[in-house]
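**Student:** Generate the whole structure from the sequences, applying the supplied hints.
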Amino acid sequence: MLADGWSLQPTAAYCPSLNKWLLVPLSGFSCNKEASHNFHLVTAAGGLLCMEEVEWPNRSLVVFNPLNKSYRKLPPMLDMRSPYIVGMTVNTDKSGYKILVAQDGQSLVSQHYDSISNSWKMNTIFYTKIAMLVGMASIKEFLFCLSFWPLGLIAYNNEEASWCDMQVKMPPSVTSPHLIHNNGELFLVGGLEKCCQLTSIKIWKVDLYLKECIEFEEMPDCLFSSFSETLHEEHFSCMGEAGVICFHGSLTLSMVVYDMNRNRWWWVPPCPMKSAQPYCLSNPRYSFFNSLGLAIKPCFIVNA
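In the working numbering, the protein residues as written are 2 to 305.
In short, the hints are calculated from the structure, not lab data.
Honestly, I wouldn't trust all of these hints.
What the hints assert, rightly or not - Think about it this way: if two alpha-carbon atoms lie no more than 27 Å apart in a straight line, the pair counts; the simulated BS3-like pairs of lysine-lysine are:
#, residue 1, residue 2
1, LYS195, LYS212
2, LYS206, LYS141
3, LYS141, LYS170
4, LYS141, LYS212
5, LYS95, LYS298
**Tutor:** Take a look at the structure:
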């Protein structure tokens, strides 16, 4: 999903099954008085969009379903130092959703919002030094994240509101890492560098039992050579939903898509919005490693 700068209008979304861009009106949100403020998207899950007000000192969050037009402004977070959004999950029965917010440092402090209780709650402190959390993927009751430095995999248990280190051996020299889930399995997407030069982009299956990453797929050379020319300082971004992964660089809006279930790669046609820019995460210092766009699977029955 792409939009015109900081504004929420217009918005365009690429549909892989149709291989075309669709203009997505956010009319339900734009009719609300909150839309007069500047918002940008920070995360998405289960058909819901989570947006953050960017005008200082206001940092309010809003959740919106563009399909059924349901809308909710969240209550203020509990007090934290430099909090940032980690991710969002929708309950299995579609009855509600949770939003995870973290503050890293010498220990990982976090809180979560529960839409059923409409309140924030502090989580158990994870006493491990974490530089940052990126690349969220949700499977069942777990929300998996990549931690730095070094690169590692940690998981947040939505039911217990606690963290654990998965102790998975990660591939060496991975750049622009991101997590993707498909059919209940976890995958790592990233580039491999040699002498500070990006040499390939690969996908690994994360085996949580063997505690290792097994190579699954690699971007074909014919695509990689052209795609790498769109990158800035050898870094790229990606997003994924239902086994479809979209890769894009930071210099242009050129995009490559891989369908994991059909084992098919292709270029995305140009976005119809000439001034469109991919949305980034709320905290600029983390957007360097994160997806600059949002993957969303429309769902009518989930309410904000």
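**Student:** Could you run down the list of hints and mark each one as holding or not?
**Tutor:** Status of each hint after checking the structure:
no. : hint               : in the structure
1   : LYS195 with LYS212 : 25 Å, holds
2   : LYS206 with LYS141 : 17 Å, holds
3   : LYS141 with LYS170 : 22 Å, holds
4   : LYS141 with LYS212 : 19 Å, holds
5   : LYS95 with LYS298  : 13 Å, holds
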